[in-house]
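Asks: The primary structure of each chain is shown beneath.
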Amino acid sequence: MQARHLVSIDDLSLDEIRELFRFADEFAADPRAHAGLCPGMIVASLFYEPSTRTRLSFESAMLRLGGGVLSAADMKVSSTSKGESLADTVRVVGGGYADAIVLRHSSEGAARLAAEYSPVPVINAGDGAHEHPTQTLCDLYNLHVERGDIKGLDVVLAGDLKYSRTVHSFAYALARFGANLVCVPQPGFEMPEYVLQRLREEFGVEPVRADARRLGSLAAKSDTMYLTPQKPHQLSLFTDARGWEVEHVDAVYMTRPQTERYRSEELSETAYLRLEKQALQADSLRDAVVMHPLPRRDEISEEIDSDPRSIYFKQAARGVPIRMAILGMLLGRLELEAPLAPRVRDVAAVVEGDNPCPNPSCISRTETRHVLPRVAVQRPSRPGQSLRAFCAYCSRELDFGFIGCSTTRHFHRPDSSDLGKMRTDHMVFLADRESAQAQGFSPAGPARSGEPV
Amino acid sequence: MQARHLVSIDDLSLDEIRELFRFADEFAADPRAHAGLCPGMIVASLFYEPSTRTRLSFESAMLRLGGGVLSAADMKVSSTSKGESLADTVRVVGGGYADAIVLRHSSEGAARLAAEYSPVPVINAGDGAHEHPTQTLCDLYNLHVERGDIKGLDVVLAGDLKYSRTVHSFAYALARFGANLVCVPQPGFEMPEYVLQRLREEFGVEPVRADARRLGSLAAKSDTMYLTPQKPHQLSLFTDARGWEVEHVDAVYMTRPQTERYRSEELSETAYLRLEKQALQADSLRDAVVMHPLPRRDEISEEIDSDPRSIYFKQAARGVPIRMAILGMLLGRLELEAPLAPRVRDVAAVVEGDNPCPNPSCISRTETRHVLPRVAVQRPSRPGQSLRAFCAYCSRELDFGFIGCSTTRHFHRPDSSDLGKMRTDHMVFLADRESAQAQGFSPAGPARSGEPV
Amino acid sequence: MQARHLVSIDDLSLDEIRELFRFADEFAADPRAHAGLCPGMIVASLFYEPSTRTRLSFESAMLRLGGGVLSAADMKVSSTSKGESLADTVRVVGGGYADAIVLRHSSEGAARLAAEYSPVPVINAGDGAHEHPTQTLCDLYNLHVERGDIKGLDVVLAGDLKYSRTVHSFAYALARFGANLVCVPQPGFEMPEYVLQRLREEFGVEPVRADARRLGSLAAKSDTMYLTPQKPHQLSLFTDARGWEVEHVDAVYMTRPQTERYRSEELSETAYLRLEKQALQADSLRDAVVMHPLPRRDEISEEIDSDPRSIYFKQAARGVPIRMAILGMLLGRLELEAPLAPRVRDVAAVVEGDNPCPNPSCISRTETRHVLPRVAVQRPSRPGQSLRAFCAYCSRELDFGFIGCSTTRHFHRPDSSDLGKMRTDHMVFLADRESAQAQGFSPAGPARSGEPV
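So the sequences go chain by chain: A, B and C.
Just so we're aligned, residue 40 is where the first sequence starts under the numbering used here, counting upward by one.
Just so we're aligned, residue 40 is where the second sequence starts under the numbering used here, counting upward by one.
Just so we're aligned, residue 40 is where the third sequence starts under the numbering used here, counting upward by one.
Since the hints were made in silico from the structure, they are not lab data.
Since the model is a prediction, treat every value here as computed from it, not as a measurement.
Don't take every hint at face value.
Since the list gives no way to pick one copy over another, a pair counts as held whenever it fits inside one copy or between any two copies.
[Claimed, not checked] BS3-like cross-link-like pairs, simulated, lysine-lysine; straight-line CA separation at most 30 Å:
no., residue 1, residue 2
1, K460, K190
2, K190, K115
3, K260, K460
4, K460, K201
5, K115, K201
6, K121, K190
7, K316, K353
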């Protein structure tokens with residue numbers, strides 16, 4: 040039987056996540072009462088970049104479940120020096136040393152690659168700037184504990200909305216659960232267009248201008264935006280020229296500046312947002328919980344640490360029961376009843392040509408052995424739409440002009456209706472007409488006019 | 040309920056220490072028979088500087104108690120790089136990952152800071168040159184096992200008595216238990232005045248010259264000194280012009296040169312003391328046990344390793360049962376009957392002005408976030424004595440000229456009887472008259488003569 | 040009672056190894072069913088050079104046995120910086136922290152030194168280029184599982200046969216079990232003469248030229264050689280001018296280029312051997328299993344990973360049950376019935392002169408404290424043969440001209456019959472006549488002719 044992995048939060052259906060929450064509730068109620076769940080089982084932490092907090096959180100979860108832990112905090116130094124591929128490493132560790140692998144890696148898509156080869160479950164504990172699904176689960180679980188049903192909650196996302204992986208993943212997950220987002224970006228660090236696009240396309244979320252008067256000083260300098268999965272015509276009933284009015288916030292999710300991701304000049308003129316006592320006095324925040332994925336620097340003043348609304352330390356602590364639930368599920372000791380998450384994209388190996396992934400941090404580019412480039416294809420849901428393709432590892436969207444068929448040797452436009460009949464594993468992604476012809480493809484279409492259809 | 044911590048050996052009363060010894064005796068008798076004591080509990084080793092021996096000793100103790108271990112041997116690299124404060128780290132780790140924290144840090148006072156924030160017990164496993172209470176406990180425990188009652192024992196402290204933290208802590212603890220100290224320093228590395236002063240003030244220990252003829256070659260080049268908590272008039276019965284005669288030694292505690300703490304020139308001319316076969320033949324050492332906190336370099340010759348008096352490897356091994364006792368107590372699984380150690384000093388936050396701690400290695404200076412400077416005030420026990428103040432983290436004594444009151448805005452001399460009425464948390468420590476007046480204080484006293492009283 | 044250690048594969052008799060295989064079979068059948076074997080026991084991994092795979096394999100084995108693990112992945116940094124000797128470290132760790140020590144060290148002979156001092160069993164997890172007995176056991180165990188009786192098997196050793204420690208150890212062990220070796224070296228990386236010599240002297244193995252036609256492309260560029268412990272007169276029945284014909288191979292053991300051991304020029308002209316699909320089609324390999332100690336680089340093509348004959352990932356996985364057996368035996372929880380391996384060489388301390396070991400990587404040269412040079416003496420089995428001597432740590436053969444007696448002060452030739460009467464612990468190994476006389480020895484023999492006998 041194929042092992043089940045947790046590479047992306049999308050690997051879990053909403054119902055599965057809700058079931059995991061229920062297990063986590065049990066674990067949190069009495070963390071030391073569950074050592075009978077995984078005795079004799081072993082989890083290996085393979086950390087190719089240091090992250091003590093995440094590692095200890097997983098290891099604590101496994102110990103609480105009565106299992107054992109193999110800890111490799113410094114894989115980069117020890118293993119890569121001998122030139123072993125990630126694929127071989129997980130085949131060895133998963134082949135007999137451990138019953139599950141927790142993987143942290145600096146390359147995007149590394150966990151997906153590991154999952155392809157590992158005989159035992161792989162849990163993604165962060166792959167570069169890509170995904171960190173248990174962090175997202177932990178954040179969602181905190182909302183569940185503090186607020187109950189996530190659907191319809193109003194959640195402020197504040198700070199660096201441009202570079203923070205954590206906040207993007209959280210935004211998608213909130214939208215999936217039907218929560219509304221109030222974006223309060225650090226000026227210059229607004230939510231990027233590709234995130235907004237995905238929110239729009241997958242969840243029907245449309246941004247509207249937000250009236251942030253009642254958000255107080257926190258939003259004083261930001262262009263605040265409201266993102267809701269509600270239908271626009273409903274929304275229009277409640278908005279006027281000033282935009283949707285923020286009245287009551289359920290949670291403020293603050294993020295630190297991702298200083299490792301940008302040049303310091305970007306932040307030189309405006310100081311970073313800071314959540315302090317005065318900001319929490321805003322009318323709309325009267326019973327909002329304050330969240331932060333930690334570590335924080337100065338973006339949350341310690342003067343609010345003792346405010347009962349500040350839950351960021353509880354939030355971190357709840358990472359243990361939710362990871363206990365994940366481990367228990369993947370190790371086959373917790374039975375979930377919910378159906379699996381449906382697969383939205385077809386994945387196929389790249390049959391011809393170079394690796395089409397343009398991302399230099401993708402594992403398909405950084406790993407020199409045992410990587411077969413793969414694409415994930417999203418077919419149009421309506422006629423006239425274009426087929427889109429993504430790197431199956433790092434999820435970066437591919438940029439291409441035409442699609443060739445490896446058997447017919449014809450090439451087509453991405454919006455061609457002919458693509459409906461082409462098998463995913465026959466697709467060749469071509470930059471332009473010249474490279475198509477150089478690779479031996481001819482234009483498709485009855486007239487062979489030189490213009491593919 | 041507030042967690043109990045072990046930051047300093049002074050956090051334990053003598054009776055508590057004796058009870059811990061009894062538990063350690065049980066653990067040592069059959070180390071593998073106690074795995075039922077802490078199952079399901081977790082200790083996190085947070086080591087900001089490497090110390091494999093100490094770390095493994097604690098982790099062994101926890102495993103012997105049936106508990107689990109989270110091990111972070113390299114906190115400096117992993118955590119500090121993300122700019123997280125020590126306070127936040129212990130709040131997260133102690134908030135849900137672990138049931139106790141063992142902390143090793145290069146800054147003095149770090150464990151005290153951690154204990155302020157941690158929801159679970161913090162055990163100081165060495166904070167710079169400050170304290171390492173479980174090492175001291177281990178040393179005392181060895182005396183207890185080898186000699187029974189510590190009171191009245193004659194213990195030679197040999198080697199670097201100037202820079203060795205271990206030997207200072209051990210000296211205070213021995214004095215507290217009523218043992219006598221024979222100081223045999225490496226020439227130039229005599230016991231510092233501030234240590235002698237504390238021994239004198241807290242335990243009434245007065246140094247007398249010692250006649251070291253019967254100590255043999257070990258003391259040949261040293262100015263040997265005898266420190267005893269016995270009353271001086273009793274002592275005088277036994278001393279003459281040559282000083283107290285060393286007749287029978289119970290233990291020799293040898294220390295290595297703390298080469299990391301001084302310039303090599305300090306030791307260039309005289310070679311370091313070396314305990315070898317010949318030295319052990321001294322009459323007074325015929326049944327002295329030889330102790331060393333390890334690691335040793337050349338200060339103990341390997342030729343005496345097999346001498347039954349050499350117990351330094353047993354000494355290290357006994358670190359495990361005594362740490363089992365500490366863990367068992369702090370995790371609430373061993374009930375002690377002895378009353379808690381009384382608190383000698385009042386601790387209060389610094390209400391005005393800069394951090395008064397002059398120690399650049401103090402955590403209050405090295406940590407940039409979440410540190411509130413605090414002072415520990417020792418009020419005079421007799422009229423005419425001065426009030427003294429110490430950094431509450433690193434215990435360094437503060438140097439000040441006057442004390443101001445933050446409410447009356449008057450300032451006083453440290454020996455003023457007015458201080459008896461001033462609350463500790465109102466005290467402002469002032470360098471001199473000028474800075475007092477610059478900070479808005481005026482002299483105290485009925486005449487307002489300009490001279491404070 | 041003296042602890043038993045596993046420093047060399049020669050520490051185990053063939054019958055003991057066979058018993059360990061039977062225990063490993065049980066463990067492999069149900070790895071999680073044996074947690075009752077070592078509860079309350081602790082193994083310490085002391086790794087002075089990184090080797091995550093080996094470390095995790097041992098730690099997994101101990102966890103599967105229900106025991107605890109102390110992990111020190113970076114001993115070099117933490118311990119050596121304080122100047123502690125290896126001898127002291129193992130006395131401390133083995134004195135009370137752990138019930139067994141797994142040691143990885145960069146110096147040859149380190150595990151032998153550790154075993155001299157440790158109160159608990161030491162397991163050699165690799166000492167420089169010297170030995171790695173559990174790797175060899177794992178390799179043998181795989182043959183046992185895949186092929187049953189090892190005696191009489193034909194095993195191809197391919198690749199770098201010159202620098203690979205692993206392949207030398209495996210070759211000795213195969214010869215000891217009575218298997219035949221087919222050497223297929225990378226050109227220029229042939230099996231060294233000292234290995235062939237030991238195979239000849241200890242096991243009566245004589246190399247013959249091999250006819251490798253039926254080995255196919257794998258052996259196309261190599262001078263293939265057949266090594267068999269069968270009697271040469273039997274062999275001659277089956278060989279002709281082309282040499283012994285390779286007809287049916289039971290296993291191919293592929294090794295990676297030991298690039299850390301030679302200058303890159305050595306491999307610049309010929310590319311390294313590569314085992315790929317085409318090579319596996321050779322007639323003689325039709326049911327050979329393919330083994331590799333891992334990590335691999337390019338010497339095994341990933342296209343054969345899915346071939347059922349490729350067992351290298353299973354091979355690695357089987358390292359866990361065989362290490363469970365080793366740990367269980369050394370911790371005294373598995374009772375073996377087989378007699379101990381006989382000791383072939385006398386070991387004695389060097390009584391005079393400098394350390395005779397010429398190996399700069401030997402622990403007797405790299406360790407500055409607590410090393411007493413020792414020699415292992417192999418006395419001639421027939422008159423006229425010379426006495427040979429080896430460093431007792433790294434096994435390097437000593438080069439000497441004469442042997443002096445520390446009591447008679449005479450010196451003798453290595454083939455002198457007088458040596459039969461000389462005690463091993465009286466032997467002094469002398470480079471030449473001049474140095475013998477400089478050290479105060481005179482020639483032996485009745486005539487005192489100046490020529491020793």
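Asks: Look at each hint and say if it fits the structure.
Replies: Verification of the hints:
1. K460 - K190: neither (38 Å within a copy, 60 Å between copies)
2. K190 - K115: neither (41 Å within a copy, 41 Å between copies)
3. K260 - K460: Close neither inside one copy (51 Å) nor across copies (50 Å); limit 30 Å.
4. K460 - K201: For K460 and K201, neither the intra-copy (38 Å) nor the inter-copy (57 Å) Cα distance is at most 30 Å.
5. K115 - K201: both (28 Å within a copy, 29 Å between copies)
6. K121 - K190: Cα proximity of K121 and K190: none, with 49 Å in one copy and 33 Å across.
7. K316 - K353: Within one copy only: 19 Å inside a chain, 55 Å across chains, cut-off 30 Å.
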